[in-house]
Every structure is written in C-alpha cells, then in structure tokens.
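Okay, here's what each chain looks like letter by letter:
Protein chains: 2
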Amino acid sequence: MKKKLYVIGMGPGEAGLMCKRAAEVLAACDTIIGYTVYVNLLKESYPGKEFLTTPMTQEAKRCEMAFEEAAKGKQVAMVCSGDAGVYGMSGLMLEIGETYPDIEVEVIPGITAALSGGAVLGAPLTHDFAVVSLSDRLTPWEKIEKRLELAAEADFSICIYNPSSKGRPDYLKRACDILLRVLPPERICGTVENIGREGEAAKLYTLQELREAQVNMFTTVFIGNSMTKEINGRMVTPRGYRIG
Amino acid sequence: MKKKLYVIGMGPGEAGLMCKRAAEVLAACDTIIGYTVYVNLLKESYPGKEFLTTPMTQEAKRCEMAFEEAAKGKQVAMVCSGDAGVYGMSGLMLEIGETYPDIEVEVIPGITAALSGGAVLGAPLTHDFAVVSLSDRLTPWEKIEKRLELAAEADFSICIYNPSSKGRPDYLKRACDILLRVLPPERICGTVENIGREGEAAKLYTLQELREAQVNMFTTVFIGNSMTKEINGRMVTPRGYRIG
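Here the protein sequences come in this chain order: A and B. At the far end of the first sequence sits residue 243, using numbering that gives the first Met the number 0, and the numbering has no gaps. At the far end of the second sequence sits residue 243, using numbering that gives the first Met the number 0, and the numbering has no gaps.
One chain only, chain A, in its complex shape (with noise of 0.2 Å):
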C-alpha cells in the first residue's frame, strides 16, 4: 500500500471552523507541518504532536520537510489556513510529490476566507464572483490589475486575500483606483478583520471609503457587484429571487 500525505485546510483558526475529517486526520496524525502563525493555533487542541514549521518565503522547503517525514512512516499533515487549495499548499504538494511516488497526496478541503469572512459580513457572495490576491510575491502587478478590471467589468462580486502588508502598506488603495474606473465610488464594499479568532471584527464602507480603510494582512476584502445592498449593518448580494 502506498503511503499517504494529507494537505489539510485548516479553516480560519477557530475549531469549530474546521471540518470533522480534517480533525480527525490532525488527531490521529504523528507530525503537523505548516507556517509557524497556523500551527501555533493548533497546538493547544493537539497536544503530543510533532510541530515542525518553515517561515513565509520557504514553502518548497516546507513540502519536501513534509514528503521525507511521511516517507520515514510517519503519519504527516500539511496543514494550511483557510482551504488547502486556495492560495493553499495542496497545488505545491501535488508538484513536489511528482519526486515522491510511493507518497500519495490526499487534500481535504476548508473553509477559506471567502465564505467565513462572507459569512460574518453578511451574505456578499451569494451570486458569481471572483478571488484575487493582491499579494505580487508571486504575480506580476500587471496581472493583478488586469483581473481586477476584468472582474469589476464583469460586474462579479470580488474578493480580496492579501489586501497588504508591511512591504505593500498602499495596495488596497492602488486596487480600489483600478476598481474605481469601472465601478461607482458608492458601490457597497466590506472588511472583515482576525476572521473567527480573537479581535475578529467587520465593517462596511463604500468603495471610496474603501480606498481609506485601514487593513494588514489579516483583513479580506468584499466588493459588491451591482445589486449589492446594505441591510442592518449586513452587507447581502442578491441572487435574484423573488420575494413575495
């Protein structure tokens, strides 16, 4: 039988947040392997384990720690915030694995961003949308701000990961300026801020308002496409239906 590797995504912090298997895995795991920030949520609820972490620009290194410690027979998780897949590690795991074939890559899936943030805020994301990064680590500028247009063109409700940080204090201004090109400046916009761990907290502003927000690395962006409302404080997209 082949050996198995799980990549685990892991929620927004809270367990309750987590899915059942994804627990369970944890739980019956020898070694859990991720960035120091995760993995410090985790080690309260699972005692015993072996904790190994890589900082923010070692992700390969951090995958291959993974692969030679399941290939040893431990029992090994990657564990990822949010989902495993999005701006996860399961796409990395399942590139290095190619070197590892004894080694099969099982991913369970979590809830990112996007939907524990909409869900705080309200209902944003309740009709098509799109996911954009505004971290160019990875990705040139250019790119980004071409999906940004084409995405508030399409008049998708939009959500940001990685509105800013230390390096990049004013990128959620400069996507709000290609944003407001193309959309009204009242369009309905929110944040939502530590997403289910202490301090979480959402707000709502129009996309000028926006423009001024204050966010880290911890913030998600929602922007609305045009039927968005405000309700009691909420921010809700419409699907359509009608009422009454």
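Quick caveat, the hints were computed from the structure, so don't treat them as lab data. Honestly, I wouldn't trust all of these hints.
Identical chains blur together in the list; that is why a pair holds if it fits in one copy or across any two.
Derived EDC-like pairs (lysine to aspartate or glutamate); straight-line CA-CA distance at most 16 Å [unchecked claim]: (1) Lys202 x Glu192; (2) Lys228 x Glu97; (3) Lys228 x Glu94.
None of these values were measured; they are calculated from a predicted model.
Given the coordinates of chain A, assemble chain B onto it according to the supplied hints.
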C-alpha cells in the same frame, strides 16, 4: 434577547466535510428546513428533528417558513448544500429578515463545491479564480456569457456550477464555445460528480473534449488557467513558488 435563526452551509453531503459548529447547531435545533434533496441527506444523522422542505422554485416561501417557525420560539436551522452564501440562501434570508426585526440571522459557512471538488481533482484553484453558475433561471444568459468571456480573458481559473439540467442539456457546450473564443482547445479542465456522496467521480479533459462531456446538475466543472497542468492524473494550478 433576540431570537436566533441559523443559515447553515452543510458542505457537499458527507458528514466529514461539515464544520463542527454546523453539526452542533443542527444537533441542538428543533427544526431543519431546506430543499428536499439536501434535507434527506440529514434525516439519518439527526433523528427526532422536525424536517420541513419546499421544492426548487419555492425559495422565498421556504425562508418565510423558517422565520415563522422561529417566531413561534423554535430553534430553526435553514440548511444549504455547500456554503450558506455561495448560491445559497443566506442572501434571501437576510432580505426577508427585514420584516422580522426580532429575529437575528446567524450565518454558518460551509465547504462549497469549488473547494470540495477542487480537493478531489487535486489543486485546480490554487491561484486567483472566478465562480460562475450557468443557471439562467435568475440571471440573463447574456450576463453569464459576458462573465465567462471576461473571466477567461483575465486568466482566472474558472469553477462552473449548475452546468446542466433537464431543461438546458447543452449549456456546458455553449459555455465551452464561449471560452474557446479566448482559450486554447488544449486547456486542462476537470469535472467532479456527486462530491462527498455515493458515486463520486472525477475526470480530466481538454477544453475541446469538455465540450462533449456528459454532465448533470450534480457535476462541478473546473477550467484551468494558463499555468494549469496534469500531474499523475490530477489537475494542478501552480501558485508560482520556485521549486528546488
């Protein structure tokens, strides 16, 4: 204290892919309301509950039922397949909630088919992506067509919901023809059927082949971006990490 009404994303169907908080709320509630097919998946796991259903075109009535039952003092959960937001009922619930100011709506997210199906295929949505439904019951076809075309131009990976139904057996073919105006015929695509349920099946295609694929209302379709490749029978969109 305000009465509370829950809108729950139950994930694809398998209990292991439901989040813990959703399972806890279902276990604690008196009444579970939803579309017949999905409510039936829950009957065995939650014995002793009151189950209420309405058919496909009665969504507003279903939501009103939920508020009326909650107004009587019952603990009520409205369930949606996948996520509570993505093509789910949270938007309509918040709209109808305007006429029930004494009842607070709490949204509990779930794993939508883009994530659960993506995990089965491998890692199709590792980078920026768009989600488009081909159902034109509530959306003009011209708008769907425009969204597909702009999503392809933006080089998003695209996840397609509702690719077919009895009344519109050729919609996926029509969608592929639109995508083929922009994308090459050899673009890597994939489908997943009955995710997390009996009969789960994944398959890879080129975009040209996908045009002829047999799909149904329980199929989710994935269109790769320009970087997507096949690795050992799995669909993988690299995020761009340098390997080695």
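Structure-based check of all given hints:
Proximity of Lys202 to Glu192 under the C-alpha cut-off of 16 Å is restricted to the intra-copy arrangement: shortest distance 9 Å within a copy versus 37 Å between copies. Proximity of Lys228 and Glu97 under a CA criterion of 16 Å is satisfied inter-copy only: 13 Å between copies versus 47 Å inside one chain copy. In this homomeric assembly, Lys228 and Glu94 come within 16 Å of each other (Cα to Cα) only across copies, at 10 Å, whereas the closest approach inside a single copy is 42 Å.
In terms of the numbered hints stated before, the structure departs from none.
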